[in-house]
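Using the hints, put the two standalone chains together into the complex.
Respectively, the protein sequence lines represent chains A and B. Here our numbering is used: the first residue of the first sequence is 1, the next is one more, and so on. Here our numbering is used: the first residue of the second sequence is 1, the next is one more, and so on.
Simulated from the structure, these hints should not be mistaken for laboratory data. Beta carbons: idealized from backbone N, C-alpha and C, even for Gly. Check the hints yourself; a few may be wrong.
[As the list claims (entries may be wrong)] Reference listing, derived: stretches of chain A covered by chain B, where coverage requires no fewer than 3 residues with Cβ under 8 Å from a Cβ of chain B:
{"id": "1", "stretch": "37-46"}
{"id": "2", "stretch": "95-103"}
[To be verified] Straight-line alpha carbon distances no greater than 30 Å define the calculated DSS-like cross-link-like pairs of lysine-lysine that follow:
{"id": "3", "chain 1": "B", "residue 1": "55", "chain 2": "A", "residue 2": "101"}
{"id": "4", "chain 1": "B", "residue 1": "41", "chain 2": "A", "residue 2": "22"}
{"id": "5", "chain 1": "A", "residue 1": "9", "chain 2": "A", "residue 2": "101"}
{"id": "6", "chain 1": "A", "residue 1": "96", "chain 2": "B", "residue 2": "55"}
{"id": "7", "chain 1": "A", "residue 1": "96", "chain 2": "B", "residue 2": "64"}
{"id": "8", "chain 1": "B", "residue 1": "14", "chain 2": "B", "residue 2": "66"}
{"id": "9", "chain 1": "A", "residue 1": "73", "chain 2": "A", "residue 2": "22"}
{"id": "10", "chain 1": "A", "residue 1": "101", "chain 2": "B", "residue 2": "41"}
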Amino acid sequence: AQRVTQPEKLLSVFKGAPVELKCNYSYSGSPELFWYVQYSRQRLQLLLRHISRESIKGFTADLNKGETSFHLKKPFAQEEDSAMYYCALRAGSNYKLTFGKGTLLTVNP
Amino acid sequence: GAVVSQHPSWVICKSGTSVKIECRSLDFQATTMFWYRQFPKQSLMLMATSNEGSKATYEQGVEKDKFLINHASLTLSTLTVTSAHPEDSSFYICSSSNVGQGNSYEQYFGPGTRLTVT
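One chain only, chain B, in its complex shape (with noise of 0.2 Å):
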C-alpha cells in the first residue's frame, strides 16, 4: 500500500511559538491530503482538506489563521501552528488520497505527531 511519513513524530514547543508538521507521500502522487486532529481517546475530527496548488479548505470551527496549511507539491503538505497554545496539545495526523485509477480515492494515513505546547 501506499506510504505517507509525517515529521515529526512528537515535538515539544513553549506557548507562544509556531511548529511546523511535515506529511509527505512517499510512493505516489497526493492531490489531496487532509489533516485531522485526535484528542485522547477520541476519534478523528477533520481539519481541513488540501488540495496540491490551491488554498485548503477548513471545517467549521478550525481558525485558519492558526492553523496554517500548505500543500505546495504534489507529495508533501505543511501544518502550521502559529502562537501555539497548551490547548493545541493533541495528536496531528494527516492523509494522502491516492490519485490512481479505480481505488475511489482510498486514503492513507501517516503515523502522527503529537504536539505538547508547555
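If we strip away everything but chain A, and leave its shape as in the complex, we get (with noise of 0.2 Å):
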C-alpha cells in the first residue's frame, strides 16, 4: 500500500527566507507526486505535479527516487504563500489520490 509522509504539520518563515516543505512517500512502482495547497476559506487546488517539472508561483518539486522524496520549495517566501499544503501521490492506473497530512506554512511579514 502506498503512503505519504509530511514530517511538519507547522512551519513558520519569515518572508524572504527560502522555505521547504518535506514530503516522503512509499509505494513499489513509479508513483506520480503531487503538491495541492488549500488557502484560508478556499478549496484544495493542484499547485504542481512531479511529471510536469514546472515552476508554479516560484515553487518547484523534484521527485527522488532514490530518497522517496518530492519536498516542495520556494526561494524567497511571500507571505499569500500562506496556506496549507499537502503532498499526494497516485499510484499506477488507478486514479485515486493518498494524501499527506498536509504542513500548514505561515510566512510572517
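Shown next, in the form of C-alpha cells:
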C-alpha cells in the first residue's frame, strides 16, 4: 500500500526566507506525485505535479526516487504563500490520490 | 480550470436523519468522482470512488450502507449519509476527474460541505 508522509505539521518562516516543505512516500512502483494547496477558506487546488517539472508561483519540487521524496521548495517566501500544503501520490492506473497529513505554512512579515 | 460545486455548503441535522450532499462538475464531464472526508486539522481520507453509471467503490472501513453514493450522470454525484450520528460530523469534499485529452485525469475539488449532526 502507498503512503505519504509530511513530517512537519506546522512551518513558520519570515518573508523573503527560503522554504522547504518535506514529503516522503512509500510505493513499490512508479508513482505520480503532486502538491496541492489550500488557502484560507478556499478549496483544495493543484499546485504542481512532478511530471510537469514546472515552477508554479515560484515553487518547485523534484522527485527523488532514491530518497523517495518530493520536497516542495521556494527560494523567497511571500506572505501570500501562507496556506495548507498537501503532498499526494497517485499509483499506477488507479486514479485515486493518497494524501499526506498536510503542512500549514505561515509566512510572517 | 474546471469548476466543481457542492451543495449544501453546510448542513446541521439531527441524529437518525439522513442528509444528501450533491457534487456537480459544472463545465466538464466527469466519469469519475471521488468523495473524501476531512477531520479538523487532518488530511483528506478517501471514502469512495464513484464512476458514472456503476456502483461506487468504497475504501476499507467505509460503510457502504451508511454512505450511499450515486453517480447517475457525468455531472452529478450524490453522497447520502444515512441515519446520521454525531461522529459523522465532518467536512465532506468531492472531486471530479476531467475526462479530457492529455490531462492525466487531474482531480478538481469542490469547496466541501460541513456536516454537523446534533
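For each hint, the structure was consulted:
{"no.": "1", "hint": "37-46", "result": "holds (count 5)"}
{"no.": "2", "hint": "95-103", "result": "holds (count 8)"}
{"no.": "3", "hint": "55(B) with 101(A)", "result": "holds, 29 Å"}
{"no.": "4", "hint": "41(B) with 22(A)", "result": "holds, 18 Å"}
{"no.": "5", "hint": "9(A) with 101(A)", "result": "holds, 8 Å"}
{"no.": "6", "hint": "96(A) with 55(B)", "result": "holds, 16 Å"}
{"no.": "7", "hint": "96(A) with 64(B)", "result": "holds, 18 Å"}
{"no.": "8", "hint": "14(B) with 66(B)", "result": "holds, 15 Å"}
{"no.": "9", "hint": "73(A) with 22(A)", "result": "holds, 9 Å"}
{"no.": "10", "hint": "101(A) with 41(B)", "result": "holds, 8 Å"}
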